[in-house]
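Protein chains in written order, with the working numbering: chain A, -19 to 302; chain B, 4 to 251.
Source of the hints: derived by calculation from the structure; they are not laboratory data.
Any given hint could turn out to be false.
Just so you have them, the derived chain A footprint on chain B, three or more residues with Cβ under 8 Å [what the hints assert, rightly or not]:
no., stretch
1, 80 to 94
2, 217 to 223
3, 240 to 248
All values derive from a computational prediction rather than experimental measurement.
Each residue gets a CB set at the ideal place from its N, CA and C atoms; glycine is no exception.
Each chain, written out:
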Amino acid sequence: MSVLVYTESDNGKFKKNAFEAASYAYKLAEQLSTSVTTITINASDSEEIGTYGVSKILKVTNDKLSIFNAKAVATVIAQAVENEGASTIVVSSSTDTKYMASILAGLLKAGYCTNVVAPPLSTNPLVVKRTAFSNKGFAHTQFKTDINIIGVSSNAYGIFENKVSPEVENFEPNLTDSDFSVQSVNIDKVVGKATIADADIVVSGGRGLKGPENWGMIEELAEVLGAATACSKPVSDMGWRSHSEHVGQTGKPVASNLYIAIGISGAIQHLAGINASKVKVVINTDPEAPFFKAADYGIVGDAFEVVPELIEKLKEFKAQNA
Amino acid sequence: MKILVCISNVPDTTSKINFTEGDTKFDTNGVQFVINPNDEFGLTRAMWFKEKQGATIHVATVGGPAVEPTIRKALAIGADEAVRINAEPTDGLFVAQQLAEIIKTGAYDLIIAGRESIDYNGGMVPGMISAILNFNFINTCIGLEIEGNTATAIREIDGGKENISTTLPLIIGGQKGLVEESDLRIPNMRGIMMARQKKLNVLEPVETNHGTEDIKFEKPAAKGAVKLVEADNISHLIDLLHNEAKVI
Ligand SMILES: Cc1cc2nc3c(=O)[nH]c(=O)nc-3n(C[C@H](O)[C@H](O)[C@H](O)COP(=O)(O)OP(=O)(O)OC[C@H]3O[C@@H](n4cnc5c(N)ncnc54)[C@H](O)[C@@H]3O)c2cc1C
Ligand SMILES: Nc1ncnc2c1ncn2[C@@H]1O[C@H](COP(=O)(O)O)[C@@H](O)[C@H]1O
């Protein structure tokens, strides 16, 4: 019985989280002495996923699924699970996949564990390590069901190559109108800009920046780094930045490789949401700001002097390392 | 319209997280419990449906007697009736099946749950309920309007928003945006007094399986001290990020 992994694509191209999920599934399959089968929906270059250890591809090509629909995708995967007799399913932590996987778990009455950060601690019984309490703790969670779903955290396990030549099989799901009863009317999405969910680097601004008119330098720093922009809660509450940029315990979680906090004090609710980031940098005038206790690198200084200088130096660095 | 708001009882966001009994239990000592923030936005949205469209609001929670102050607070804010399913909410699948049971018998049109509980961060209960009951489901919901049997909603997606249309019965996983922070309500004296008269039904759980079990907890490893870089030596920071941290 192989491990089944759902590998998400966007406009035909695999997302980074697909490679993470596949890499994790390969590690798990190794522990279980089995192989990895993936299900892909409308991925144009589906064989690419073989690079990450997938030996069989269930390829779904269906125009009705060109716009993501959580219920329909969950239905497709449930059918694949039944077809393959799969008992372990690996999914990523993107917003779309978490939405879909919660439905899938209900359809299959499967145990589902989200925010998993490491390969299983044991396979019989299956026990995984996950973050809980908004990154203030970890839980070792044991599955109690016959079918189990593991949701892998972003930027946690990593991407590993294990090249195989996968066998490709077309998979024809059986979808009805009722699978599409939640309909997308239109999507309003920033294109060509890194998003908080996908970005390797996130540049975040707080109340220390004094007002929305000062965000030019934050945008510019983000652009130089290819980073997404984010903000603290009061900044979005005051309408300086859009809600979609609010990160923290009650906002979006951040699990980037690098998080740069500018003019953010480091309140416990803020830190809880961004602590999963690997490396944290703080720029703050107040050496007593709690963020200095959570950060790896810090500059005690005025953002209005430090950030423009940082942008210049980074531009030089990028020019030299291009 | 009959609305059920699902409320999970969670440690206040400022709580220090500790574990007891050989790191197998969450230590509730000194912890203040509150309505899960995502559910508080949902409850406020439900109040608007009540005030503008004459909806009835019930609230439900799966938890032991200790969660009653939280559910009373929901009544004080304005919910009409509450139900507590008397069981420890040990995992998402268990909770979803318990809630599905009361939704089935209660003939609700709209179920408002949260995107996730901030304690165990499962993010799964509403989706599971939708599959069990074959209800329409919208997650990370940041806007919701209902006219007759039709719902129009906004969902947050990575990098933007999606406008959605669907029909009742519907369940949502809501979050901030459904209403704003400044719209949240603090129970007043009258609300607190009235809440004492309102019905709080206690039901025993139905027989269902469990999806998972937390067998042990760990605290994150202590962090090393921050490395400070002088404000006039920014190149040094770039050097550290490139050569030491290897993130740029
Ligand atoms: C239930 C609840 C949930 C919450 N959830 C979240 C959440 O999800 N996310 C979140 O962010 N917050 C959350 N909060 C709010 C949180 O408690 C803090 O109030 C908030 O994070 C503070 O934002 P800030 O750091 O931008 O502002 P402040 O705390 O005002 O900090 C501003 C910082 O900027 C520094 N500064 C000032 N001038 C400069 C300058 N020129 N250069 C550099 N630095 C400067 C100051 O020294 C200060 O440290 C929540 C609160 C509650 C009660
Ligand atoms: N014990 C519970 N009782 C009632 N509702 C709950 C409970 N646990 C979770 N929920 C609901 O499900 C949402 C998502 O929770 P979770 O899946 O635990 O992250 C919460 O915001 C609540 O609306």
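Q. In terms of beta carbon proximity below 8 Å, does the stretch 80 to 94 of chain B have 3 or more residues touching chain A?
A. Violated, because only 1 residues of the stretch 80 to 94 of chain B bring their Cβ atoms closer than 8 Å to Cβ atoms of chain A.
Q) Within the assertion that chain A covers the stretch 217 to 223 of chain B, do at least three residues meet a Cβ-to-Cβ distance smaller than 8 Å? A) holds (count 7)
Q. Under a C-beta cut-off of less than 8 Å, do 3 or more residues of the stretch 240 to 248 of chain B approach chain A closely enough to confirm the stated coverage?
A. Holds: 6 residues of the stretch 240 to 248 of chain B have a Cβ under 8 Å from chain A.
In the structure shown, a violation is registered for the earlier hint numbered 1 alone.
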